[in-house]
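In mature numbering (1 follows the signal peptide of the UniProt record, and there is no 0), the protein residues as written are -26 to -1, 1 to 367.
Treat the hints loosely; a few may be bogus.
Stated by the list, open to error - Calculated pairs, SDA-like style, for lysine to any residue (alpha carbon to alpha carbon, straight line, at most 20 Å): (1) Lys294 <-> Ser235; (2) Lys125 <-> Ala230; (3) Lys131 <-> His121; (4) Lys131 <-> Ser346; (5) Lys214 <-> Val144; (6) Lys125 <-> Val144; (7) Lys294 <-> Leu234; (8) Lys131 <-> Pro345; (9) Lys294 <-> Asn321; (10) Lys125 <-> Arg295; (11) Lys125 <-> Thr112.
Said to hold, decoys possible - Per label pair, the in silico range of CB-to-CB distance: (12) Thr355 <-> Ala335: 16 to 26 Å; (13) Pro345 <-> Arg231: 33 to 43 Å; (14) Ala69 <-> Ser290: 20 to 30 Å.
If you are wondering where the hints come from, they were derived from the structure by calculation, not from laboratory data. Virtual Cβ for every residue (Gly too), placed ideally from N, Cα, C.
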Amino acid sequence: MRKSIVWSAVAGLGLSLGLLATPASAVGVAAAAPPVTAAPPVSAEAQQVIDHLPEMRAQADAVRERLGLPDNPVRDALLNAIDPTQYECSTATPAVLTAILPDVASMTIDQLTALLTIVIYDIPLMDALYFPQQGPFTFGARGEFTHTVNKTFEGLKGFWDIPSSDVELVPAHGRIMLDAERDYRVFTVLYGANPAQSRFSADLIARELRSPVLGWGDLPIFSFNAFAAPGGEDVPGYGKSHRRIAYGDGVLDGFARVGLSDVAPSAILAHEFGHQVQFSDGLMRPELAAPEASRWAELEADAFSAYFLTHGRGESMNWKRVHDFGQMFYQLGDCGFTSAGHHGTPNQRMNSALWAAGLAASLRPRGYILPSRTFNDLFTTQYPQLIAPDATT
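Working from the sequences, and respecting the hints, build out all of it.
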């Protein structure tokens, strides 16, 4: 996705780790207080990170916003595109997120600090998007999705009528964080973080991930993301970034945990490739306020995906199975109507997919593939109906 697909769930995790943002020097016990259990040990590296977490998070958010990758909604009343009281949006946690959230109760303070730092900086995805990557590439923590992902990618390049020979598909593996130098590179080169503080953070992460509790770096939460980048960003010391789709192991493994491994790999990749179509054809809407521009981009990418998945010359998937996936995937939509990364409500996302699947089924001759710009024109006409208020109470 052009924006992170699911970091609303991480907000809840961050709250559960909120104690980490309080420097140890600020913690005290009143003289009359009852005895308390001694605090668990904290390493020097972890304490250095803990003491600087607020400023680290602020800096990371600023850089991610510049790159189009904001984790946390940047709220501004002037950007309020729609009235949230008129739309239906569940507060339930999607099953796929429940399946991937780790048991933080079993972690040490050092492990929790490493985990939170990874979430703040999204290290596997950033490494995959902006630094040189060496193949051969595998997809999924055990490589089990490699064939499906590669096959779908080749199919997408042949399906849509855009120049795509320069689009690179790369994996985002959590295990790369076992290499402290790669972590350090993300902190200093991409985020411009303080070198000394970055060394503490990088060493802490590489050390603490060498544990079954943190999955040797392969916990799905570390790479539960996918992202399409247009390329052309300046990466100090590395030149211009490439036109890429980065595909996290965590999102593949997460949907496999809830029984959707037959459809999710292709569906998510088709969504990301939809963004590459938008980049190529100039279909983004920069003239819109940030929330509406993001919603437009995400809903059209949902439509591009569903059209490819159900078209006879695409994946030719049974619509019921695509719908089953959609019911869960689109719960990753949101009602963050003023967020710069607003993706559309779950209902709006499902409506976009339903419309596109219906279009694929109704067009004649059946083997005809709409040019991407024609598809965009039809989507533009349908858009007001797709986002219409839908509250039932």
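### Message
Please verify whether lysine 294 and asparagine 321 have alpha carbons no more than 20 Å apart.
### Response
Answer holds: lysine 294 to asparagine 321 is near 17 Å, not above 20 Å.
### Query
Does the structure keep lysine 131 and serine 346 at a Cα separation of 20 Å or less?
Within the cut-off at roughly 12 Å; holds.
### Task
Starting from lysine 125, check that the Cα of alanine 230 is at most 20 Å away, please.
18 Å, holds
### CB-CB spacing for serine 290 and alanine 69 relative to the 20 to 30 Å hint
Given range 20 to 30 Å: holds, Cβ gap about 27 Å.
### Query
Is it true that the CA of lysine 214 sits at most 20 Å from the CA of valine 144?
17 Å, holds
### Query
If you draw a straight line from the CA of lysine 125 to the CA of arginine 295, is it 20 Å or shorter?
Holds, because 19 Å separates the two Cα atoms, which is no more than 20 Å.
### Query
Has the given pair, lysine 125 with threonine 112, been kept, meaning a C-alpha gap of at most 20 Å?
12 Å, holds
### Task
Mind checking the alpha carbons of lysine 294 and leucine 234 for me, to see if they're no more than 20 Å apart?
Holds - the C-alpha atoms of leucine 234 and lysine 294 are around 12 Å apart, at most 20 Å.
### Message
For lysine 125 and valine 144, compute the direct alpha-carbon distance and say whether it is at most 20 Å.
### Response
14 Å, holds
### Message
For lysine 131 and histidine 121, compute the direct alpha-carbon distance and say whether it is at most 20 Å.
### Response
16 Å, holds
### Query
Is 33 to 43 Å right for how far apart the beta carbons of proline 345 and arginine 231 are?
38 Å, holds
### Query
If you draw a straight line from the CA of lysine 131 to the CA of proline 345, is it 20 Å or shorter?
13 Å, holds
Hint compliance for this structure: no hint is broken.
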